[in-house]
Amino acid sequence: MTTAAVTVRARAVPAAARRPGLPGTLRSELTKIVSVRSTYWTLLAQVLASIGWAIANCAGLVSHGVGPGFNPAEASLTGQVALGELIIVVLGALVITSEYSTGMIRTSLAVMPRRGVLYAGKAMVFAAVTFALSLVTSFTSFFIGQAILSSKHYNTTLAQPDVLRAVLLSAAIVTVFGLLAYGAGALIRHSAGAITSILGVIFLIPALAQALPNAWFADLVRWLPGGEALSPIARSAPPLSAHLFSAWGEFAVFSGYAAVLLALGAWAFIRRDA
Amino acid sequence: MIEARGLSKRYGGKLAVDGLSFTVLPGRVTGFLGPNGAGKTTTMRMILGIDRPTAGSVTVNGKRFAELYSAMREVGALLDATAVHGGRSAYNHLLCLAQTNGIPRRRVDEVIGIVGLEDVAGKRSKGFSLGMSQRLGIAAALLGDPDVLMFDEPVNGLDPEGIRWIRLLMRSLAAEGRTVFVSSHLMSEMENTADHLIVIGRGKLIADCPMAEFTADGTAQAATVKTPDDQRLAGAVAAAGGQLERGEADEFTVRGLSAEQVGQLALSNGILLHYLAPARVSLEEAFMELTADSVEYQAKTGAQK
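For the record, the sequence lines run as chains G and R.
For reference, each letter of the first sequence is one residue, going 1 to 274 in the numbering used here.
For reference, each letter of the second sequence is one residue, going 1 to 305 in the numbering used here.
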């Protein structure tokens, strides 16, 4: 091997104090997520859908009256859990599939070749942004919902047992679904493909399961990736059906699905050619 | 320095890169030439660790790309100028890249100045012309002030002024002692830029030699003549092992013989020549000939080492 001529030139950039890793990647990913409009449109849609649903649902209950199984926390939070979640799924998939659809991934990997670091940093920034915003929508939906319900004294407060838990888990479950979509996005790499697949799983599997014999469905329902299994999350009372786990139990089930998809996505992200 | 050893990449059944070995040295511009589909981009992707080699290895400054201490400070690459998120402004695009490697913001402003994108730095890159995108990609490559620079077809879509600018930039980067590796499918783009050439076809190495040598090979054995007596000249040329071809207007091209040899032949056979000149087979022609059926050609190694 030839020894290259050593030329000393003035460096325009200070030497790296330490090997580039997670801290720089987190800053970079935060810049990425806040510098594209799709983030704002998606998050705005999430806010409007969650709060809009809370208003409509609670106003409906006030005018029509409540039925058995009514839970004031759930009444104000189902919009966040059922609708907000769907919108965040889109953002979760997009933050990673847009890298592939635009080709940006090749630039990203050329500056941060430690793929595990890039994958984790991107997921952490997305999760942090989503969770922060979901907390805001969750509390806002709750307070607006309770204010509407208070006209008929249906309302509850954060001081009541399990109410704060319901508000917090409603924000957390949205983040969990977002991460599930992120993993799927890394695995599938196409925006439309990833979003369709996830929505298919969330909607179709629970819907198809209802066609099963009742006994089978009863055994299965608590494990399904959507539908009825989501209902305990937003309730400050025990689940309506004895076939479901508690709020924490169902939260753990969904987190398990998200963990599996995150792991599959990581495998694809790190192993496959970009 | 970039070193490839037996580098191969298979996509499905197709061998896109086939046992490439070469060394790209610092302090000069190395042209990476080959027809479209020859495997240039795939090779560059493997250098950057974006694609994994099926066999062989490639290192930058002695290390695999993923093992470099600070990738941006060692290698800057422009692979595909349109490979940016179009919804992000040029400034934010460069900022998010710089942040990964802890490169200060002032360097982002600096490279925007170097490539002359000050006026549009705040605009979303979706509306950029190809030329502006190329400049943005070059700015990204320069962010870390790296020792090794790679450009994949950098003059695509540039106007003559832009092409000149890129040439000068590459020359000055090499003059600073950096390794500059630039691909093209057009020989003419390399003519005034590259010091050294690595030519590939169908994934295989065809030539790895200094520019001067490549040019000499192409021009040594040809001449342009004008003669009223082309029948006799054709016979004499054929007897001497050459070949006479009718060119444009009343010109003929002699292949396989130098101008001096043709002059000698004409004199000794008493054939009148109106015009005689060494033919400069253009680099483009030499290149086309060399890559026309690349499998027929053996790799030849240059004089460096």
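These aren't lab readings, by the way, just hints derived from the structure by calculation.
The beta carbon of each residue, even a glycine, is placed where N, CA and C say it ideally should be.
Do not take every clue at face value.
Only some residues are given here: those of chain R computed to face chain G with a beta carbon under 8 Å [what the hints assert, rightly or not]:
1) S8
2) E74
3) A83
4) I103
5) D109
6) R171
7) S172
8) E260
9) Q261
So, going through the hints one by one against the coordinates:
{"no.": "1", "hint": "S8", "result": "14 Å, violated"}
{"no.": "2", "hint": "E74", "result": "10 Å, violated"}
{"no.": "3", "hint": "A83", "result": "3 Å, holds"}
{"no.": "4", "hint": "I103", "result": "5 Å, holds"}
{"no.": "5", "hint": "D109", "result": "12 Å, violated"}
{"no.": "6", "hint": "R171", "result": "15 Å, violated"}
{"no.": "7", "hint": "S172", "result": "11 Å, violated"}
{"no.": "8", "hint": "E260", "result": "37 Å, violated"}
{"no.": "9", "hint": "Q261", "result": "38 Å, violated"}
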